[in-house]
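Number of protein chains: 2
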Amino acid sequence: MFELITSNLSSRARRGRLATTHGVIDTPAFIPVGTQGSVKAVSPRELRELKAQIILGNTYHLFVRPGINVIKHFGGLHRFMNWDGPILTDSGGYQVFSLAKLRRITEEGVHFQNHVDGTPAFISPEIAMEIQAALGSDIVMVLDECAPYPCEHEYAARSAEMTTRWAKRSKAANAQCSTLNAQRSTEKTELSAIGYPPSAIKRQLLFGIVQGATFDDLRKQSAQKIVEIGFDGYAIGGVSVGEPEEEMMGAVEASEPFLPNDKPRYAMGLGTPPQMLEMIARGIDMFDCVLPTRLARNGTAFTSTGTLNLKNAQFALDKGPIEQDCACPACREFTRGYIRHLIKAEEILGLRLITLHNLQFYLDLMKQARAEIEAGTFDEFRKNLISNYKTREVDLA
Amino acid sequence: MFELITSNLSSRARRGRLATTHGVIDTPAFIPVGTQGSVKAVSPRELRELKAQIILGNTYHLFVRPGINVIKHFGGLHRFMNWDGPILTDSGGYQVFSLAKLRRITEEGVHFQNHVDGTPAFISPEIAMEIQAALGSDIVMVLDECAPYPCEHEYAARSAEMTTRWAKRSKAANAQCSTLNAQRSTEKTELSAIGYPPSAIKRQLLFGIVQGATFDDLRKQSAQKIVEIGFDGYAIGGVSVGEPEEEMMGAVEASEPFLPNDKPRYAMGLGTPPQMLEMIARGIDMFDCVLPTRLARNGTAFTSTGTLNLKNAQFALDKGPIEQDCACPACREFTRGYIRHLIKAEEILGLRLITLHNLQFYLDLMKQARAEIEAGTFDEFRKNLISNYKTREVDLA
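Order-wise, the sequence lines are chains H and V.
Under the numbering used here, residue 397 is the last one in the first sequence; the count climbs by one each step, no gaps.
Under the numbering used here, residue 794 is the last one in the second sequence; the count climbs by one each step, no gaps.
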């Protein structure tokens, strides 16, 4: 299921391949985020043209709207959104903690009111598995508690212990959903489908999540206990929740040595281009992040030398593409000057074009990282990119 | 330049072909509106895939933002927006009257403050021609005064007379811009262009505009005087400005008999599908209208039996396409239920898909009208469509 092709002597960077029901994912991999059943502003066909190999759906958002029964009625999330490549779904836990109102955590699960219309709801490890079975995701995440930042050691310890108990319950429930999983179809829909090849993998992959906040001892304990339960892959959760970058790196460094080599590792909710390369150098294989789509809507484009805010007047007469030699539809056909005009005039085409460019940039960065790992030159590539990469705080605001 | 292929014995409907610098337009034709240098939410490539033969740019909006000098710097509107099919631009007059602040009309022209930042500006027939020469439009409109509805006979008469004097000045100024026009290039840009064939027409076509509000005598006089000046085509202006539908039809019926048969006729700012068919039956060849793009953003889709508001709960579980047998990207790949979810969740893909569908519907309606005129069955087609077409007022709100 997970094949480790090559790893890098000068760093912990790994080049791998993960097989899922709807197709193979080359790692290191970037996963575009399709929160509500759509990667914002982009069509499934465009995602395929960008060569995205997997997308992410947010269970909490889909649970709130349109509701799981609606997606079930359409035959699962792949058919509903007409994307027949792999889908990873989170458990919904993170959004319950960050978005929902009036939440109350018990050993059993989390009671909350959704942020759209306040309807009371309850999610438990078992329910999270049922929902993700109904969605038909290729990769399923256990329900965890994502501790806030900052957080006391005592709270983080108790929380990580509950996350371990929830992980056990998630695994047992996922096994019980196997009937549902097997029913999940990979037949083509009546609508014209995109055409990913069939796969030998006939079940959902289940990933465990390491917690433990910013405490090395808790990260180690959590990693060991989660690995003991045994999953198809391991995520590092509770990162990118507001902590300084060195704490983020520390959390990964404290967890990674205790994860098995033969399973994929996934850093949730990350990151900037330099952060992703640093994480790859620390043995991480998968990333998902809203930055390329979210910043595009604000006029910010990613390039290999840093971010550009295309709203700036300096681009008004610029006849060049966002980035030289970029193969994305925006750079092939449109100038910075035109895209600036579209963003200033609040034309939807402007954010569409920057979104396509940014996704291409993230996907190309991972593609190049894979090539550099294979060539044994990843470390040099990482250092070069990071030293040339300027983050302008104003662009990220 | 304009070839009248066939007309219909049982109605005044005409089937024609209009040659312009950037390509040929089959009439009756629908012109998608690209107000600010972008047909809202749609890319030039998608417009070509929809087989749009011409688009409209709004001179007033482009004058305000990004400014004519910016578009000149990029080599004209075609290159700026990377659309190499025909472009029609209006004179800017209509938006000065409907959008700008503090306007003052004199014989010389119109002083106004733009609606974006209040900058004072002045537009005259001569300036309108210079601007449209700089934009490089294939079809240029004279500057006119669009009288409001309702409007007194005396005001309408004086206004139409001034519009006639402005039409003469527009024609003279357009002739003087010929050097500029000749400089306008149809070479391919460095960016990958869409690939319309070259044309033998090497100048901008200039259309006159008939005014006269809702008064038959004024419409007749205006048509006669504008035709006397002599233009490449004739528009009927001052319609779709809030008047009842019978007044709109009356204005066309009072103008059309005085327009030459061998020139295209264009009803500005129209209309609903039934209105366009009624106008075709009254001898009109060209239409532009924001309804397909504007209503899409509100979740309203056009079908041959009327409009559908896809926000309605009745579509939540609907596995069918917006319209059976529609060849648009939305109907080929997505269900009503999914598109409804996207619109309810305010996902940009939702309005993109409905926009593509609505433009396809308008373009297909014209395509079918052309085929029916050629087959001599247009009148039956028009009556059938109109009797089956239900407009739900709530969808248009």
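One should not assume that every hint holds.
[Unchecked claim] Going by beta-carbon spacing under 10 Å, a handful of chain V positions derived as facing chain H:
(1) M398
(2) P441
(3) I465
(4) F471
(5) G473
(6) A678
(7) R679
(8) N706
(9) K708
(10) N709
(11) Q711
(12) C723
(13) P726
(14) R737
[Claimed, not checked] Restraint ranges, calculated between C-beta atoms of paired labels, are given here:
(15) V:A772 / H:T119: 53 to 59 Å
(16) H:Q324 / V:E650: 45 to 51 Å
(17) V:T503 / H:L99: 53 to 59 Å
[Stated by the list, open to error] Reference listing, derived: stretches of chain V covered by chain H, where coverage requires no fewer than 3 residues with Cβ under 8 Å from a Cβ of chain H:
(18) 429-440
(19) 727-736
Please keep in mind that the hints were generated in silico from the structure rather than gathered at the bench.
All residues carry an ideal CB built from backbone N, CA and C; glycine is no exception.
Comparing the hints with the structure gives:
1. M398: Not OK, violated: V:M398 not within 10 Å of chain H, min 30 Å.
2. P441: Given a least distance of 8 Å, the restraint on V:P441 holds.
3. I465: 12 Å, violated
4. F471: Interface hint status for V:F471: holds (6 Å vs cutoff 10 Å).
5. G473: 12 Å, violated
6. A678: Not OK, violated: V:A678 not within 10 Å of chain H, min 35 Å.
7. R679: 34 Å, violated
8. N706: V:N706 check fails; min Cβ-Cβ to chain H is 17 Å, beyond 10 Å.
9. K708: Violated: closest Cβ of chain H sits about 12 Å from V:K708, beyond 10 Å.
10. N709: For V:N709, the interface hint is violated, since the closest Cβ of chain H sits about 14 Å away, which is over 10 Å.
11. Q711: Result: violated, 13 Å to nearest chain H Cβ.
12. C723: 13 Å, violated
13. P726: 8 Å, holds
14. R737: V:R737 check passes; min Cβ-Cβ to chain H is 8 Å, inside 10 Å.
15. V:A772 / H:T119: 53 to 59 Å: Given a distance of about 56 Å, which is inside 53 to 59 Å, the answer is holds.
16. H:Q324 / V:E650: 45 to 51 Å: Since H:Q324 and V:E650 have Cβ atoms about 58 Å apart, the given range 45 to 51 Å is violated.
17. V:T503 / H:L99: 53 to 59 Å: 58 Å, holds
18. 429-440: holds (count 7)
19. 727-736: Result for this restraint: holds, n = 6.
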